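Visitor: Chains as they are written, first to last, in full-length UniProt numbering: chain V, 1 to 299; chain C, 1 to 299.
Treat each hint with caution, since some may be false.
When chains are identical, the list treats them as one kind, so a pair holds in a single copy or across two.
[As the list claims (entries may be wrong)] For lysine-lysine, the following DSSO-like pairs were computed, each having C-alpha atoms within a straight-line distance of at most 30 Å:
| # | residue 1 | residue 2 |
| --- | --- | --- |
| 1 | Lys83 | Lys290 |
| 2 | Lys199 | Lys290 |
| 3 | Lys31 | Lys121 |
| 4 | Lys82 | Lys22 |
| 5 | Lys24 | Lys121 |
| 6 | Lys31 | Lys290 |
| 7 | Lys24 | Lys83 |
| 8 | Lys22 | Lys83 |
| 9 | Lys22 | Lys121 |
| 10 | Lys31 | Lys82 |
| 11 | Lys290 | Lys22 |
| 12 | Lys31 | Lys199 |
| 13 | Lys289 | Lys31 |
| 14 | Lys199 | Lys24 |
| 15 | Lys83 | Lys121 |
| 16 | Lys22 | Lys199 |
| 17 | Lys82 | Lys24 |
| 18 | Lys121 | Lys199 |
| 19 | Lys31 | Lys83 |
| 20 | Lys121 | Lys82 |
| 21 | Lys199 | Lys289 |
Bear in mind the hints are in silico, worked out from the structure with no lab data behind them.
Note that the structure is a prediction, hence the values are computed from the model and not measured.
There are 2 protein chains.
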Amino acid sequence: MINAGWYTELSPMWPGQGLTLKIKEILYRAKSDFQDVCVFESESMGTVLLLDGVIQCTDRDEFSYQEMIAHIPMCSLERPAKKVLVVGGGDGGVLRELARYPYVEEIHMAEIDRMVPEVSKRFFPEVVWPANGRRIEWTYIHTYIYIHTFIHSTSSSRNSQRALPIKTPFFEALHRAVRPGGIVCTQAESLWLHLDIIKALADMCTEVFQGGSVSYATTTIPSYPSGQIGMLVCAKARSGAEGEGDGPLDPRIARQQEPGPLPALGVGELRYYSHEVHSAAFALPVFAKKALGGCLTFQ
Amino acid sequence: MINAGWYTELSPMWPGQGLTLKIKEILYRAKSDFQDVCVFESESMGTVLLLDGVIQCTDRDEFSYQEMIAHIPMCSLERPAKKVLVVGGGDGGVLRELARYPYVEEIHMAEIDRMVPEVSKRFFPEVVWPANGRRIEWTYIHTYIYIHTFIHSTSSSRNSQRALPIKTPFFEALHRAVRPGGIVCTQAESLWLHLDIIKALADMCTEVFQGGSVSYATTTIPSYPSGQIGMLVCAKARSGAEGEGDGPLDPRIARQQEPGPLPALGVGELRYYSHEVHSAAFALPVFAKKALGGCLTFQ
């Protein structure tokens with residue numbers, strides 16, 4: 001809602017509350033084939049990208065979410081990832097973070113809306129697009145179709161009210177797509193606002209990732225409702241091959257090196273993620289641990 | 001700011017942004033000798049207490065801050081605390097948390113405004129006032145005067161713009177008041193909003209607590225600006241007495257048992273704090289660690 005120079009983020013997903021930001025200037029407004037796209041310059045959070053009126057990212061704090069959702073799964077893996085699929089990463093932040101890993105050979109991007117990367121490239125200079133000599137393949141279709149056409153998967157989306165229902169077959173397809181010991185990491189809402197959604201998602205993932213593990217990691221991010229967001233880290237059962245540990249993969253342990261900067265490509269030092277922050281992110285407040293205890297493997 | 005049934009928390013301390021809450025009903029409005037006091041029922045956060053228009057606590061999330069600011073220092077101590085001073089704890093939440101420790105013999109409360117505990121007792125049933133057979137002594141004077149009259153100390157306050165300037169002599173007085181190995185814990189603002197204030201406070205405390213330690217612990221709390229707040233944990237140098245460790249006290253280690261519920265007094269199980277959350281609270285995001293690195297003993 002925009003009113004007299006102020007924007008308030010209202011949504012049925014967080015009724016009766018919302019972050020209010022002072023607008024300096026509206027930079028862009030358009031309707032893509034899928035959603036309303038708006039970019040404005042705020043007084044306190046830098047440039048803000050709205051999709052259907054909901055904050056997608058801000059200059060000020062996007063690195064928290066982007067670094068955590070990229071590096072927690074990447075650093076938890078026993079064997080470094082060579083191929084990565086990003087579902088709905090049109091703002092480019094996760095792509096920037098993946099560029100830090102020299103051993104990643106292929107990145108596949110599935111994004112429904114061509115307008116999102118176009119707008120992000122234009123208005124978010126901090127989000128660079130470093131191909132870094134590797135293959136990056138974009139597919140502009142709905143995740144639902146992508147799944148059934150390419151790898152049979154899906155993910156939840158930040159704008160959950162617009163997402164397709166979370167259904168077991170989609171996560172089963174994702175589970176099939178990753179190698180043994182591989183990880184599917186999905187945005188998983190706020191402990192303060194959406195414990196019921198997190199529980200349903202975790203229960204379903206636990207069913208799908210049998211023999212593997214399902215855990216929740218948290219990060220702070222002022223521009224998200226409640227200032228906190230988390231991700232479910234779902235690890236596929238290991239194959240028992242040489243060099244693999246026994247039992248389900250514990251994602252609280254960072255196994256791969258912290259990735260560094262790539263100054264030549266405009267990718268600076270990490271600003272949020274470290275191995276210490278990685279492990280601490282799995283320590284949940286008692287109220288959340290109680291509510292989710294039965295459906296998380298490690299917490 | 002209250003407008004058309006909605007409240008927005010605006011302040012020069014966080015310019016250009018604020019949490020917006022839908023008001024169900026305004027329950028109380030008065031002017032005490034010191035400040036505007038307002039209580040309203042919100043749609044999403046339960047009962048909300050405002051002091052001079054700034055959120056002091058809400059039903060929904062007060063336990064996060066109250067548990068963390070009470071139990072992190074209490075559980076870090078090598079020798080259990082028998083006497084505790086609470087400065088500005090008029091809403092009663094910290095008193096409730098301290099009641100969990102059977103070995104605490106005396107609690108001293110210094111609160112400027114009689115209206116705050118009166119209003120809290122009336123409108124916040126979750127915040128019980130359990131004396132639990134021990135001595136609780138209230139003093140209703142300004143912290144500044146309390147310090148100079150009783151123990152010569154001060155603290156920062158949530159409404160920092162109304163607080164007296166943070167000055168070395170006040171913290172020197174607090175430092176004198178605690179025993180060797182004792183802890184002074186003060187609210188210390190948000191990493192996302194106030195790194196400059198935190199740095200100034202930590203630098204000053206490091207100067208005062210020489211031979212001891214100064215560290216920052218964080219908690220999530222949706223009703224605070226940015227959804228995150230922290231506390232400085234300042235430990236006085238140990239005396240070298242028997243049973244004490246060497247060097248400065250590391251508050252990341254929980255040494256005392258997690259306190260339990262007191263059902264007879266209406267104090268339930270802990271809802272946020274655990275030993276695991278205690279240690280994780282000191283793992284700071286890289287941007288904060290870099291900014292504060294030089295002035296924190298443990299992080």
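Visitor: Now look at each hint and say whether the structure bears it out.
Guide: Quick rundown of the hints versus the structure:
1. For the identical chains of this complex, Lys83 and Lys290 are neighbours neither inside a copy (36 Å) nor across copies (32 Å), given an alpha-carbon limit of 30 Å.
2. For a Cα distance limit of 30 Å, the shortest separation of Lys199 from Lys290 inside one copy, 11 Å, qualifies, whereas the shortest one across copies, 35 Å, does not.
3. Taking the shortest Cα distances, Lys31 and Lys121 sit within 30 Å of each other inside one copy (17 Å), while across copies they are farther apart (51 Å).
4. Taking identical chains as interchangeable, the C-alpha atoms of Lys82 and Lys22 are never at most 30 Å apart, the minima being 43 Å within one chain and 48 Å between chains.
5. Proximity of Lys24 to Lys121 under the C-alpha cut-off of 30 Å is restricted to the intra-copy arrangement: shortest distance 20 Å within a copy versus 42 Å between copies.
6. Neither within a single protomer nor between protomers do Lys31 and Lys290 lie at most 30 Å apart by alpha-carbon distance, with minima of 43 Å and 41 Å respectively.
7. Taking the closest pair of Cα atoms, Lys24 and Lys83 never come within 30 Å of each other, the shortest separation being 41 Å inside a single copy and 51 Å across copies.
8. When the C-alpha separation of Lys22 and Lys83 is checked against a cutoff of 30 Å, the pair qualifies neither within a copy, at 41 Å, nor between copies, at 46 Å.
9. In the homo-oligomer, the alpha carbons of Lys22 and Lys121 lie at most 30 Å apart inside one protomer (23 Å), although the nearest pairing across protomers, at 36 Å, exceeds that limit.
10. Within a single copy, Lys31 and Lys82 get their C-alpha atoms no closer than 36 Å, and across copies no closer than 64 Å, so neither meets the 30 Å cut-off.
11. In this homomeric assembly, Lys290 and Lys22 come within 30 Å of each other (Cα to Cα) only across copies, at 29 Å, whereas the closest approach inside a single copy is 38 Å.
12. Proximity of Lys31 and Lys199 under a CA criterion of 30 Å is satisfied in neither setting, with 34 Å inside one chain copy and 44 Å between copies.
13. Taking the shortest Cα distances, Lys289 and Lys31 never come within 30 Å of each other, neither inside one copy (41 Å) nor across copies (41 Å).
14. For a Cα distance limit of 30 Å, the shortest separation of Lys199 from Lys24 across copies, 29 Å, qualifies, whereas the shortest one inside one copy, 39 Å, does not.
15. For a Cα distance limit of 30 Å, the shortest separation of Lys83 from Lys121 inside one copy, 24 Å, qualifies, whereas the shortest one across copies, 58 Å, does not.
16. Taking the shortest alpha-carbon separations for Lys22 and Lys199, only the inter-copy value of 27 Å comes in at or below 30 Å, while the best intra-copy value is 35 Å.
17. Neither within a single protomer nor between protomers do Lys82 and Lys24 lie at most 30 Å apart by alpha-carbon distance, with minima of 42 Å and 53 Å respectively.
18. For the homomeric pair Lys121 and Lys199, neither the shortest alpha-carbon distance inside one copy (36 Å) nor that between copies (35 Å) is at most 30 Å.
19. Taking the shortest Cα distances, Lys31 and Lys83 never come within 30 Å of each other, neither inside one copy (33 Å) nor across copies (63 Å).
20. For a Cα distance limit of 30 Å, the shortest separation of Lys121 from Lys82 inside one copy, 25 Å, qualifies, whereas the shortest one across copies, 59 Å, does not.
21. Taking CA atoms no more than 30 Å apart as the test, Lys199 paired with Lys289 passes inside one copy only; the shortest distance there is 11 Å, against 33 Å between copies.
This entry does not satisfy hints 1, 4, 6, 7, 8, 10, 12, 13, 17, 18, 19, going by the numbered hints stated previously.
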